[in-house]
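In the order they appear, the protein sequences are chains A and B.
Going by this note's numbering, the first residue of the first sequence is number 2, and it counts up by one from there.
Going by this note's numbering, the first residue of the second sequence is number 458, and it counts up by one from there.
It is possible that some hints are incorrect.
Which chain B residues stay away from chain A? Per the calculated CB distances, all over 10 Å, these [claimed, not checked]:
no. : residue
1   : L468
2   : L481
3   : L589
4   : V635
5   : S658
6   : Y663
7   : L667
8   : I690
9   : I691
Straight-line C-alpha distance at most 27 Å; calculated DSS-like pairs for lysine-lysine [as the list claims (entries may be wrong)]:
no. : chain 1 : residue 1 : chain 2 : residue 2
10  : A       : K141      : B       : K628
11  : A       : K114      : A       : K32
12  : A       : K129      : A       : K186
13  : A       : K141      : A       : K186
14  : B       : K628      : A       : K76
15  : A       : K76       : A       : K32
These are calculated hints, taken from the structure and not from any lab test.
No residue lacks a Cβ here, since even glycine has one placed at the ideal position from N, Cα and C.
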Amino acid sequence: MNDNVLVKVENLYRYYDDHCAVQDLNFELRKGEILGFLGPNGAGKTTTMQILSGNLAPSAGQILINGIDILDQPKRAKACIGYLPEQPPLYTDLTVDEYLEYCACLNRLPQNKLLTARNFSKERCGLKDMGHKLISNLSKGYRQRVGIAQAIIHSPAVVILDEPTVGLDPIQIREIRSLIVELGKEHGVILSTHILPEVQSVCSRVQIIHKGRLVFNDSLTGLTQRMQSTSLLLTCRQIPEQAVIKALPGVNAVELIGNRQLRVHFDAGNNPAETLAAEVIKRGWGLLELTPEHKSLEQIFVDLTTADETSGPTPIQERAA
Amino acid sequence: MMIFTIAWRELRNLFLSPLAWCVLAVIQFIIAWIFLVQVDNFLKFAPTLANMANAPGVTDAIASPIFSTASVVMLLVVPIMSMRLIAEERRSGTLSLLLSAPVSMTEIVLGKYLGLLLFLFIMLGFMALMPLSLAIGTHLDYGKLFSDVLGLGLLLGAFASAGLFFSTLTKQPVVAAVASFGLLLMLWIISWAGSGDERYSPVFHYLSMLDHYGSLLRGSFNTTDVLYYLLFIITFLVLSIRRLDAYRLQH
Numbered sequence: 002m003n004d005n006v007l008v009k010v011e012n013l014y015r016y017y018d019d020h021c022a023v024q025d026l027n028f029e030l031r032k033g034e035i036l037g038f039l040g041p042n043g044a045g046k047t048t049t050m051q052i053l054s055g056n057l058a059p060s061a062g063q064i065l066i067n068g069i070d071i072l073d074q075p076k077r078a079k080a081c082i083g084y085l086p087e088q089p090p091l092y093t094d095l096t097v098d099e100y101l102e103y104c105a106c107l108n109r110l111p112q113n114k115l116l117t118a119r120n121f122s123k124e125r126c127g128l129k130d131m132g133h134k135l136i137s138n139l140s141k142g143y144r145q146r147v148g149i150a151q152a153i154i155h156s157p158a159v160v161i162l163d164e165p166t167v168g169l170d171p172i173q174i175r176e177i178r179s180l181i182v183e184l185g186k187e188h189g190v191i192l193s194t195h196i197l198p199e200v201q202s203v204c205s206r207v208q209i210i211h212k213g214r215l216v217f218n219d220s221l222t223g224l225t226q227r228m229q230s231t232s233l234l235l236t237c238r239q240i241p242e243q244a245v246i247k248a249l250p251g252v253n254a255v256e257l258i259g260n261r262q263l264r265v266h267f268d269a270g271n272n273p274a275e276t277l278a279a280e281v282i283k284r285g286w287g288l289l290e291l292t293p294e295h296k297s298l299e300q301i302f303v304d305l306t307t308a309d310e311t312s313g314p315t316p317i318q319e320r321a322a
Numbered sequence: 458m459m460i461f462t463i464a465w466r467e468l469r470n471l472f473l474s475p476l477a478w479c480v481l482a483v484i485q486f487i488i489a490w491i492f493l494v495q496v497d498n499f500l501k502f503a504p505t506l507a508n509m510a511n512a513p514g515v516t517d518a519i520a521s522p523i524f525s526t527a528s529v530v531m532l533l534v535v536p537i538m539s540m541r542l543i544a545e546e547r548r549s550g551t552l553s554l555l556l557s558a559p560v561s562m563t564e565i566v567l568g569k570y571l572g573l574l575l576f577l578f579i580m581l582g583f584m585a586l587m588p589l590s591l592a593i594g595t596h597l598d599y600g601k602l603f604s605d606v607l608g609l610g611l612l613l614g615a616f617a618s619a620g621l622f623f624s625t626l627t628k629q630p631v632v633a634a635v636a637s638f639g640l641l642l643m644l645w646i647i648s649w650a651g652s653g654d655e656r657y658s659p660v661f662h663y664l665s666m667l668d669h670y671g672s673l674l675r676g677s678f679n680t681t682d683v684l685y686y687l688l689f690i691i692t693f694l695v696l697s698i699r700r701l702d703a704y705r706l707q708h
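Model the full structure from these sequences, guided by the hints.
Structure, rendered in structure tokens:
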């Protein structure tokens with residue numbers, strides 16, 4: 002086995018009664034990767050995270066954490082994982098310091114490394130001055146940070162974060178995101194979210210899960226390629242003649258969207274921007290704007306998740322719906 | 458040892474809430490009241506008792522009634538203290554901290570149990586101090602006193618294990634409290650049934666917690682009684698571990 006592989010999931014299934022929440026999931030996480038786990042609500046993200054962290058047992062399949070089977074040797078495997086559930090598991094009666102020390106003890110850190118680990122993880126999560134505060138008095142953003150601090154206190158190989166930025170204000174979101182990028186340098190990070198820009202700004206690899214199945218698994222560059230434009234926005238001073246533009250090589254269709262604005266669709270890899278600009282100038286329409294339109298991650302997401310529905314669901318899925 | 462880490466945290470968490478202090482104070486007050494009444498009664502009847510041939514001593518007259526009342530009070534108190542052990546953690550989502558940490562289910566259950574037991578033993582210690590304080594002025598039957606303390610200790614251990622088990626069954630602490638109180642009370646009074654029936658009454662008497670406690674209070678140390686409590690505790694601890702394990706398998 003490649004020793005860079007931190008998490009290896011094979012043929013993972015999870016049923017709740019006869020509802021299949023996760024089916025036939027296969028993926029790997031390598032060192033230094035931030036894996037974005039995307040999916041609509043109820044897609045099976047949280048279930049997968051819970052299984053990976055040992056909170057739930059899978060119905061079938063194998064999970065290797067750092068090469069250790071989590072079912073055979075749960076203690077050893079769990080020692081390599083830091084997990085932040087959707088709801089941070091905080092004892093609100095404790096102060097931040099007390100709580101983090103307890104977490105360090107639970108993760109079997111030796112007594113002499115306890116304080117160093119606590120201070121280090123506090124520093125990384127921006128909790129330096131919060132040590133003596135009661136967790137119940139902290140704001141949601143700070144609680145989230147304590148949750149992350151708890152997950153990284155034993156510097157695990159794999160950090161699993163389940164929707165870490167939910168309910169935070171934009172500044173806190175930015176801070177948490179930069180923290181995640183920071184973490185991704187030394188740990189393998191699995192990040193579950195349904196916020197698409199978050200994935201674009203943070204992750205190095207993206208997986209989209211829908212109805213318990215993996216429908217997309219690619220690197221961010223692969224995703225960007227898929228997002229490449231297949232349309233141009235054209236704005237002119239005068240109303241351009243649609244027929245002229247449609248006749249240009251590579252152009253598939255033209256639609257009028259504003260008063261003087263056109264959307265020009267073209268075949269992928271055959272961008273007519275240059276000839277289009279020349280044509281507009283030649284005719285003296287007065288070129289104001291010519292921009293390539295990017296397919297948004299949303300679009301890909303919607304494409305993938307709706308395409309799956311038309312391909313015919315299995316009987317189990319039908320019951321689930 | 459992970460068990461002690463969890464137990465220590467559990468105990469400290471108990472004392473962070475006003476509940477533990479409140480329970481300690483109320484119980485101490487009630488037991489102290491009974492202690493005073495018993496001492497008063499004993500002084501009143503001391504001259505009569507002195508003339509009797511086989512009169513009960515100070516320990517019999519004062520310690521035993523205290524411990525027998527304490528057991529009934531604890532029947533009410535332990536379910537309240539034990540109800541939150543797992544149920545609260547499941548409700549607030551903090552259980553996943555323990556489940557994703559490198560600790561086994563056995564360690565979690567034993568840690569929680571031990572934490573609560575330590576608290577109950579602190580309470581027991583304070584109770585035992587009252588009859589012990591009589592040693593300043595009179596001679597005590599330490600063997601009997603020890604038997605009383607041991608009996609209540611075992612009883613508390615049994616109460617706590619049943620409470621812990623019911624706490625693993627539900628997310629609602631109050632439901633856990635009511636269920637464990639129901640079971641404990643049932644086992645307390647079970648010997649009332651079948652008292653006339655020759656065939657079944659030994660079974661009911663064996664199941665009754667009161668009967669086993671009673672013989673320890675009288676100062677007779679029977680292996681059967683001690684084994685009864687140990688079996689009771691082990692059974693419910695094993696059930697709790699199994700239950701917590703099953704929680705991972707299905708929702």
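Structure-based check of all given hints:
Look at B/L468: its CB is around 12 Å from the nearest CB on chain A, clear of 10 Å, so calling it non-interface holds up. Look at B/L481: its CB is around 17 Å from the nearest CB on chain A, clear of 10 Å, so calling it non-interface holds up. Every Cβ of chain A is farther than 10 Å from the Cβ of B/L589; the closest lies at roughly 34 Å, confirming the non-interface assignment. With a least CB separation of 24 Å from chain A, B/V635 remains clear of the 10 Å interface cut-off, as annotated.
Distance check on B/S658: its Cβ is at least 45 Å (rounded) from any Cβ of chain A, clearing the 10 Å threshold; non-interface status holds. Annotated as non-interface, B/Y663 keeps its C-beta farther than 10 Å from every C-beta of chain A; the closest such distance is 38 Å. Separation of B/L667 from chain A is adequate, the least Cβ-Cβ distance of about 36 Å exceeding the 10 Å criterion. B/I690, annotated as away from the interface, keeps every beta carbon of chain A farther than 10 Å; the closest lies near 25 Å.
Distance to chain A confirms B/I691 as a non-interface residue, since its nearest Cβ pair spans about 23 Å, more than 10 Å. At roughly 24 Å between alpha-carbon atoms, A/K141 and B/K628 fall within 27 Å of each other, so this suggested pair holds. Restraint check: the Cα-Cα separation between A/K114 and A/K32 comes to about 24 Å, which is no more than 27 Å; the hinted pair holds. For the given pair, A/K129 sits about 22 Å from A/K186 by alpha-carbon distance, which is consistent with the 27 Å threshold.
Between A/K141 and A/K186, the direct Cα distance comes to roughly 26 Å. Compliance with the 27 Å bound is thereby established for this hinted pair. Annotation: proposed proximity of B/K628 to A/K76 holds, straight-line Cα distance about 26 Å (limit 27 Å). Among the hinted pairs, A/K76 with A/K32 is consistent with the structure: their alpha-carbon atoms are about 21 Å apart, no more than 27 Å.
Hint violations for this structure: none, all hints satisfied.
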